[in-house]
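Note that the sequence shown covers residues 1 to 81 in full-length UniProt numbering.
Treat the hints with care, since some could be wrong.
[Stated by the list, open to error] Pairs of lysine-lysine, BS3-like flavour, derived with a Cα cap of 27 angstroms:
(1) Lys80 / Lys51
(2) Lys80 / Lys16
(3) Lys51 / Lys16
Source of the hints: derived by calculation from the structure; they are not laboratory data.
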Amino acid sequence: MRAFASFENLGGKMNKVESAVSFFNERFNCCQSVLLAYCEEFGLDRQVASKISTGFGGGMGRMAGVCGVVTGAFMVLGLKY
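I would like the entire structure built from these sequences, with the hints used as guidance.
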């Protein structure tokens, strides 16, 4: 069975994936992990990135709502566009 999201089809984004996983393993929440993986690319201080994304982990304040990875990705898109 083929994996839904395999590392082979990420096209050069592996370092960001590895970075996000590393942050997650350091006990950051999902949203923080995604935003921290991209913050330096956009000139955002790591401490600021961590603080502004804190409440979005665990599905918006641990309410099991929107996935933190999704909200983190939206934050990254907001920085880009």
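Each hint, compared with the structure:
1. Distance check on the hinted pair: Lys80 and Lys51 sit about 19 angstroms apart at the alpha-carbon level, within 27 angstroms; holds.
2. With a C-alpha separation of about 15 angstroms, the suggested pairing of Lys80 with Lys16 holds against the 27 angstroms cut-off.
3. At roughly 20 angstroms between alpha-carbon atoms, Lys51 and Lys16 fall within 27 angstroms of each other, so this suggested pair holds.
Of the hints listed earlier, there is not a single one the structure fails to meet.
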